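The chain contents come next:
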Amino acid sequence: MNCNEATPLVAAYADGEVDGLRAHSLRKHLAGCATCAAKHQAVLDLRAKLRAEVPYYPAPAALRDRVRSALTATDASAEAQRRSAGDRWRWLATGALGGCAATVLAWVVGTAVVDWRASEDLAAEAVTAHVRATLGTHLTEVASSDQHAVKPWLSARLDFSPPVRDLASEGFTLTGGRRDYLGGQPVAVLVYRYHEHVIDVFVRPQQARAAAPALRSIRGFNVARATGSAMDWVAVSDVSPDVLSGLVERLARDQAADSDARSLMRPQPTERPPGQ
Amino acid sequence: MLPHLDAGYNLARWLTRDAHDAEDVVQDACVRAMQYVNALRGGDAKAWFLTIVRHACYDWFKRNRPPEIAADDGAAIESAADGEALSPEQIAVRASEVRALGDALAALPLPYREVLVLRELEELSYKEIARIADIPIGTVMSRLARARALLQRSPLLQAIDGQSSGGER
Numbered sequence: 001m002n003c004n005e006a007t008p009l010v011a012a013y014a015d016g017e018v019d020g021l022r023a024h025s026l027r028k029h030l031a032g033c034a035t036c037a038a039k040h041q042a043v044l045d046l047r048a049k050l051r052a053e054v055p056y057y058p059a060p061a062a063l064r065d066r067v068r069s070a071l072t073a074t075d076a077s078a079e080a081q082r083r084s085a086g087d088r089w090r091w092l093a094t095g096a097l098g099g100c101a102a103t104v105l106a107w108v109v110g111t112a113v114v115d116w117r118a119s120e121d122l123a124a125e126a127v128t129a130h131v132r133a134t135l136g137t138h139l140t141e142v143a144s145s146d147q148h149a150v151k152p153w154l155s156a157r158l159d160f161s162p163p164v165r166d167l168a169s170e171g172f173t174l175t176g177g178r179r180d181y182l183g184g185q186p187v188a189v190l191v192y193r194y195h196e197h198v199i200d201v202f203v204r205p206q207q208a209r210a211a212a213p214a215l216r217s218i219r220g221f222n223v224a225r226a227t228g229s230a231m232d233w234v235a236v237s238d239v240s241p242d243v244l245s246g247l248v249e250r251l252a253r254d255q256a257a258d259s260d261a262r263s264l265m266r267p268q269p270t271e272r273p274p275g276q
Numbered sequence: 001m002l003p004h005l006d007a008g009y010n011l012a013r014w015l016t017r018d019a020h021d022a023e024d025v026v027q028d029a030c031v032r033a034m035q036y037v038n039a040l041r042g043g044d045a046k047a048w049f050l051t052i053v054r055h056a057c058y059d060w061f062k063r064n065r066p067p068e069i070a071a072d073d074g075a076a077i078e079s080a081a082d083g084e085a086l087s088p089e090q091i092a093v094r095a096s097e098v099r100a101l102g103d104a105l106a107a108l109p110l111p112y113r114e115v116l117v118l119r120e121l122e123e124l125s126y127k128e129i130a131r132i133a134d135i136p137i138g139t140v141m142s143r144l145a146r147a148r149a150l151l152q153r154s155p156l157l158q159a160i161d162g163q164s165s166g167g168e169r
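Chains as they are written, first to last, in the numbering used here: chain A, 1 to 276; chain F, 1 to 169.
Hints are not guaranteed to be accurate.
Reference excerpt, derived from the structure (chain F facing chain A, CB under 7 Å, subset only) [to be verified]:
| hint | residue |
| --- | --- |
| 1 | 5 |
| 2 | 6 |
| 3 | 27 |
| 4 | 135 |
| 5 | 136 |
| 6 | 148 |
Everything labelled a hint here was simulated from the structure, so no lab data went into it.
Fair warning: this is a prediction, and the values are worked out from it, not measured in the lab.
Ideal Cβ placement from N, Cα and C applies to all residues, glycine included.
With the hints as extra help, turn the sequences into a complete structure.
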C-alpha cells in the first residue's frame, strides 16, 4: 500500500472502521511511512484531548426525575393499550365478513368504530398534551385562582368563551389556564389542583353527538368526558376516575344550571362556605 | 430512554450550546419518544433516541434560531468557520481558560459539530452516525475529516498548543 491508497483510510482506521486485509496492509504502511503515521497520530491525539478536556454534559437530575415519572405512567398501560388496539381491528374484520344483512350491520358497527376511534384519539391526544404540559414549564399561561381573571384571558385568545369556575371549596383549586390544541383545533385548558394532583380540563365548543365513553384510562392517566353548557369537557389527570368524572360532570352540569341562582341548593349537597 | 438520557442531553447541549435550551429539547424528544416507542423494534435504542433528540434539536432551531441551519452547502459552512477569526487578545484570553478546546468545538458549524460529538464523545460507529444524521456514510467520513481539520487549525487550539506541547506538526 502506498500513501495515495493509505491517506483516505487513515482517519477511518483510527476510528476502528477498517478491518481485515486492508487494516493489515495499512498497519504495515504506517509502520514505514512517517507522514501517514503522523496523520494517524494526529487523529488519536485530538481524540484523547477531546475526551480529556471537553466537558461531557450529563442530564440534570431534575430533568431525569421528570422523565422518569412520566415514563412510569406510560409503561404501566402500554401493554393494555396494545391489546385494545388489536381488539379494535378484530372488530372491524368481523364486520367485513358476512352476507347482505351483515353489510348493513357492518356499516353500523363500522361507523360506531370510527366514532369510537375518533373519540379515543381525542382522549389520547389530551393525555399527550397533559404530559407535555406537566413535563414542561408552561403548564399555565395565565396563573390565577380568580375565575374572573382566567376567563377573560382565555376569551381574548380563543374564538369562544369557555365557562370558568373555581371549585376550591370542593377541593379543586383553580391554578390558571392555557391554550392548547385538540384535534387540530385551539382549545381552552383550565388547570386545577386537587391535593397534589394536577388536573387539566380541556374545553371546546360542543361537537357532533356526544357518544364518547365517559371514562377511559390511557397510559396510566384517567380521561373523563362530559358534554354540557354547549361545550365538550375533557379532564385528564392521575387522580382516581370517580373524582375526575365527578369534577367534569359537575363542570358541565353546573355551568348549564348556573345562571344567577348560585346560592340555591344544587342537586349535590355540599356545604359551601358563604361568599364563594 | 432513561439509560440514554445523558447521551441525549449531551448531544442537545453541544448542538444548542445552552443548558436551558438543551433541557427543553430533550424534554420535547422524550415526549416524542413516548409516542413512537412502538417504532423501536429490536434496533439500537441509543441511536434511536439520539435520532429523535437530533430531530427535536433541528425543529427547535427552525423555531428559535433559523440562521444556524440555513446554510448547508459546503462553501457557506466553510466561510462561516473561517469567519470565526479572533483577535490575538481574544485568543490569549480564551486560551487561558481550560475550556479552550470546548470553545473550539462549540465554534464549529453545526453539521461538523454534530458528527464529531457523535464520534468522539458518544463513540458511535460511522453507520450509527449516518443513521442519526440522515446522511450517507461517505458524507460522515468527509464531514469528520473536515471537522478534525477545522479543529486542529482552530486559532483557539493553536494558541493552546503553542503554550504547552509545541503543536502537532
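Hint check results:
no.	hint	in the structure
1	5	holds, 4 Å
2	6	holds, 4 Å
3	27	holds, 5 Å
4	135	violated, 15 Å
5	136	violated, 14 Å
6	148	holds, 6 Å
Hint compliance for this structure: hints 4, 5 are broken, all remaining hints hold.
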